[in-house]
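Heads up: the protein sequence lines correspond to chains A and B, in order.
Quick note: the numbering used here has the first sequence finishing at residue 113, numbered continuously throughout.
Quick note: the numbering used here has the second sequence finishing at residue 1115, numbered continuously throughout.
Check before you lean on any hint, since a few could be wrong.
[To be verified] Residues on chain A that point at chain B, a partial pick, calculated with CB under 8 Å: (1) Gly42; (2) Pro43; (3) Phe45; (4) Thr52; (5) Asp56; (6) Gly59; (7) Leu60; (8) Phe66; (9) Glu101; (10) Gln102; (11) Phe103; (12) Phe104; (13) Gly105; (14) Pro106; (15) Gly107.
[Claimed, not checked] Here chain A is said to cover these stretches of chain B; the calculated rule only asks that three of the stretch's residues, wherever they fall, bring their Cβ under 8 Å from a Cβ of chain A: (16) 1034 to 1042; (17) 1106 to 1112.
Keep in mind that the hints were calculated from the coordinates and are not lab data.
Don't be surprised by glycine CBs; every beta carbon is placed ideally from N, CA and C.
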Amino acid sequence: GAGVSQTPSNKVTEKGKYVELRCDPISGHTALYWYRQSLGQGPEFLIYFQGTGAADDSGLPNDRFFAVRPEGSVSTLKIQRTERGDSAVYLCASSEQGYNEQFFGPGTRLTVL
Amino acid sequence: AQSVAQPEDQVNVAEGNPLTVKCTYSVSGNPYLFWYVQYPNRGLQFLLKYITGDNLVKGSYGFEAEFNKSQTSFHLKKPSALVSDSALYFCAVRDTSRAGNMLTFGGGTRLMVKP
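Can you make the complete structure from the sequences, with help from the hints?
Okay, structure coming up:
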């Protein structure tokens, strides 16, 4: 069956620009997560959605980062005024319920020049 | 705060030999523990989890892990390594005493299996 998909797979942008990263979770999964993985490190939690609402956004680094999931399925991570330090792989994951294993997408590699 | 430590950046093992990838954790409440594997240019793939019950859990591709509460460890093991097991392995924990379902990951361990 179809897994979690993320688009684009790669995104190169210039410092100060706005970017949107998209995540399509596994059909029927109510929980959706965003993580950020910097080179040589493990993924770091950004935000968690249960349905349409952000249940936990404690991992967002600052107010330049925002995410939405308006219909409880597809989610978009939005980054304003990008900085070079935002360069990383952004991973999306979904799960049936909170305590079950999370299934990850292939990630979007963001490069800020 | 919850945390995960993977003390080895890299583990080298010969094909056919047993392998162990170490993981220790720190949480306030009871842990849910996970192992994921990451192949180059691919997302993380779930291997196995410990939620409750038997301390020895079996997962995909012949991997298993043992939960040890007293040592706060959850080491990944396989009796006989394959060259195709070479990849990056991540241990993760969810602290059930916290609201939300975030996973905290370790820094990863690169497993190199040589023919």
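Here's how the hints hold up against the structure:
1. The beta carbon of glycine 42 of chain A is positioned within 8 Å of a beta carbon in chain B (closest approach about 3 Å), and the interface hint is therefore held.
2. Checking proline 43 of chain A against chain B by beta carbon gives a least distance of about 5 Å; that is within 8 Å, so the hint holds.
3. A hinted interface residue such as phenylalanine 45 of chain A counts as satisfied when its beta carbon comes closer than 8 Å to some beta carbon of chain B; here the least separation is about 4 Å, so the hint holds.
4. Checking threonine 52 of chain A against chain B: minimum C-beta separation of about 16 Å lies over 8 Å; hint violated.
5. With 8 Å as the threshold, the beta carbon of aspartate 56 of chain A comes within range of chain B, its nearest partner Cβ sitting at about 3 Å, so the hint holds.
6. Checking glycine 59 of chain A against chain B by beta carbon gives a least distance of about 7 Å; that is within 8 Å, so the hint holds.
7. Of the supplied interface hints, the one on leucine 60 of chain A is violated, with its beta-carbon coming no nearer than about 12 Å to a beta-carbon of chain B, more than 8 Å.
8. With a cut of 8 Å, the hint placing phenylalanine 66 of chain A at the interface with chain B is violated, because the nearest CB-to-CB distance is about 18 Å.
9. A cut of 8 Å between beta carbons decides the hint on glutamate 101 of chain A: the least distance to chain B is about 5 Å, and the hint holds.
10. With its C-beta approaching chain B no nearer than about 7 Å, glutamine 102 of chain A sits inside the 8 Å limit, and its interface hint holds.
11. Given hint, phenylalanine 103 of chain A at the interface with chain B, holds; its Cβ is 7 Å from that chain's nearest Cβ, closer than 8 Å.
12. Below 8 Å, beta-carbon pairs count as interface contacts, and phenylalanine 104 of chain A has one with chain B at about 4 Å; its hint therefore holds.
13. For glycine 105 of chain A, the interface hint holds, since its Cβ comes within 8 Å of a Cβ in chain B; the closest pair sits about 5 Å apart.
14. Taking 8 Å as the C-beta cut-off, the interface hint given for proline 106 of chain A holds, the closest approach to chain B being about 4 Å.
15. For glycine 107 of chain A, the suggested interface contact is upheld, since its CB lies about 6 Å from the closest CB of chain B, less than 8 Å.
16. By the rule of at least three residues with a Cβ nearer than 8 Å to a Cβ of chain A, the coverage given for the stretch 1034 to 1042 of chain B holds, with 4 such residues.
17. As drawn, the stretch 1106 to 1112 of chain B meets chain A at 3 residues by the rule of a beta-carbon pair under 8 Å; at three or more, the given contact holds.
This entry does not satisfy hints 4, 7 and 8, going by the numbered hints stated previously.
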